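Order-wise, the sequence lines are chains D and F.
So in the numbering used here, spot 14 of the first sequence is number 14, and the numbers just go up one at a time.
So in the numbering used here, spot 71 of the second sequence is number 1071, and the numbers just go up one at a time.
The set of hints was computed from the structure by calculation and includes no laboratory data.
Among the hints, erroneous ones may be present.
Here are the simulated distance ranges between beta carbons [claimed, not checked]:
1. S57(D) - G1060(F): 44 to 50 Å
2. W222(D) - L1260(F): 41 to 47 Å
3. T298(D) - L1013(F): 28 to 34 Å
Partner residues aside, some chain F positions facing chain D, computed with beta carbon under 10 Å [what the hints assert, rightly or not]:
4. F1020
5. G1060
6. P1224
7. T1232
None of these values were measured; they are calculated from a predicted model.
Just so you know, even glycine gets a beta-carbon here, dropped at the ideal spot from N, CA and C.
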Amino acid sequence: MAEAGRRIERGAEISIARGAEMAMERGAGFRRTAAWLVLPLVVLVFALLVYPLALLSVQSLRPGAGILDARPGSGALSLSNYRLIVSDPDYRTALLHSVVLSLGVALVATLLCLPSAWLFARREFRGKRLARALFTLPMSFSGIIVGFLTIIMLGRIGVVPQLLEKLTGHDGLSGVAYRFGGLLAAYVYFEVPRATLTLESALRKFDFRLDAAARTLGAGPWQRLRFVLVPLFLPALLSTFAVTFSVSLGSFGVALILSKRFSLLPLEIFQLYTGLLNGPLAAAMALVLGATALAVNTTMRLAFEGRVSRHA
Amino acid sequence: MRERLPVIGAYVLTGLLLIFILAPVAVVVLGSVLNTRWLGVSSEQWVPGAEGLVTFRWFGYVLATYGRMILFSLKLAVLSVVICIVVGVPAAYALVQHPFPGSRFVEELVLVPLSLPGITLSIALIQAYAVWRGRWWLVLCGHLLYTIPFMVRVTSGALRSFDVAELERAAQTLGARFSQRFFLVVLPSLRHAILVGSLLVFAISWGEFNVSYLLNTPLNQTYPAALYATFTFNSFQVSSAATTLFLLGVLPVLLLLQRLGGGELGGELGGELVRIEQGA
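Kindly generate the complete structure, drawing on both the sequences and the hints.
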C-alpha cells in the first residue's frame, strides 16, 4: 500500500517537473527559437519588398530626368511626376485605356465563367476532373505566351480570319489581335482559371437551401434571382471582379506582344524606363499602377470578408 | 424542361470555353511538328531538308539555340523550390504555432507581392539593387518574391487545418526535444502541403517573365524571355516548337497538382491559387 502510494507520489513529482520544463520551454527560450525561424523570411521580405518599394517612392518624387528632358535634375523633391501623369495626354490615355480594358475584362471573365464554375461546384459529370485541369491551363502561361497565341488565332493571317475567308470569302477579324477586341480576348484567356476557381470555391460554400426555401414560399425565378441569389452571391461576384481587374491592370506580357496602337500603362512604364531612361517618372507611374491594383484588391477583400462574417 | 434549359446552357458554354482555351494550344503544338510548307504559308519554305509532313527539326533548332536558357530556368526553378522550403516552411510554422506581436502583419506582408503588378516590383528591385543587375541571383531573388507567398500560405493553411500543437505536446511528454519534434513530428505531417507548395513554386518560377526579363541582361536570359525572342525574331514553327517545349515543362507539374490537390484545388487552395499574379 505504502509502496503504491510512494510510486504515485513519484509519478506526480515527475509530471510536475515535466510540466515546469514544458512551461519553461514555452517561455523566453522558446520564443527565441520561434524568432529564429521567422527571421530569414522577415529579412527576405524587407530586403526584396519593403526597402525597394520605399526607395521607389522616394525616387518618384525626384524631378524627371529622361533623355528627352533637358532640365537639369535638381535635388528638390516634388510631386511633379504625378502631376505629369495626369496632365500629359499620352499618359492619361494609357491610364484610361488600362482601366477601361481591365474593367471590361473583369466583367466578361466573371460573367463568362459563372456557369462553368456552377457546373464544377454543383454537378457531377464524366470528365469533370479533366475539364477542370484544362480550365487551369492558362494560369501557367506567361502573358507573352497568351499574346503569341492571340496573334496565331487573330493576327493578320491568323487561324480564325483564314477559316472565315475559306467559309465566307471575306477575312473578317483579321488583325483584330492588335486592337481592343483582341486584347480583351487575350486578357480574358488568362483570367478564365482565376475567375472560375474563385467563383467555384464561393459556390461550394453557397447554401442553395435558401433558394429552395424561397421557391417553396412561392417566389418566381425572377424574384429568387433578384432578392435571394444576387444579393447573397454578390460578394463572391465582386471579389472575382476585383481579382481579375487588378491582375489585368498590372499585366505586362500580353501588352508587350499585342499593344501596338492601343497604349497601356504597364507598357508605357516599360518604355519610359528602358527606352527614355526616365526612372523617376517610371517610378511614379509604377507606384500609381501598383497602388490602384492593391487598393482595389484589398478593399474588395475586406468588404467581402465583412459580408461573409455578417451572414455567417 | 424549363428547369433543364439553364443546365444545358451551362454545359454548352463550358464546352465553348474549353474550345477557346484549347484551340490556340492545339494550333501551336501542331504547328511545331507539321511541315507548314505544305500549306504554302511557311516563312521557312526555302530551308533545305525535312521533306515529310511531320518534322521535329525545329525542336532541335530551339534546343541548340536556347538550350542554355532552358537549363538556366530549370536551375532557377529548382533553387526557388529549395529556398522556399528552407525559409518558408519554418517561418510558417513559427507564425502559426508561436504567434508573436506583429506576426499577423508579417503574414499579410508576405502576400503583398501577389497583388502588385510585376512591372512595379521589377522596377523597384532594379532601382534598389542596380549594382547587381544582370547577376543571376538577383533574378532568383525576384522569383523568390513571387514564390515564397505560396509556400508560406499553403503550409500555414495546412498547419491551421489540424492540431499540430496536440501532436507536438504528445511528443514532448515522451521527451522529444524541439529539434526532434520539428523534424520528426511537424515536418512529416506537412509532407503533402510542402509537396503542393513546391509544385506551385516550380510552375511559377518556370513561367515567370516580367521580373526575369527586366532584371537580366539580354545575354543571360530565362526561358520565357527566350520565348519572347522567338516570337519576335523567329518563324511560326520555331516559336511553336519553343512554346511546346515550355508546355512540356509545366504540364506534368499542373497535372500532378490537380491529382494531389484534388478537392483542395477547388476549395481553399483554389482561392489562393487565383491570386497568382505570375507572369501575367
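The hints, checked one at a time:
The supplied range of 44 to 50 Å is met by S57(D) and G1060(F), whose beta-carbon atoms lie about 49 Å from each other. Between W222(D) and L1260(F) the Cβ separation comes to about 43 Å, which falls inside the hinted range of 41 to 47 Å. Here the CB-CB span from T298(D) to L1013(F) is close to 31 Å, well matched to the stated 28 to 34 Å. For F1020(F), the interface hint holds, the least distance from its beta-carbon to any beta-carbon of chain D being 7 Å, beneath 10 Å.
A cut of 10 Å between beta carbons decides the hint on G1060(F): the least distance to chain D is about 21 Å, and the hint is violated. Interface hint status for P1224(F): upheld, as the beta-carbon distance to the closest one in chain D is roughly 5 Å, under 10 Å. Interface restraint check for T1232(F): the shortest CB-CB distance to chain D comes to about 9 Å, inside 10 Å, so the restraint holds.
When the structure is compared with the earlier hints, a violation turns up for hint 5 alone.
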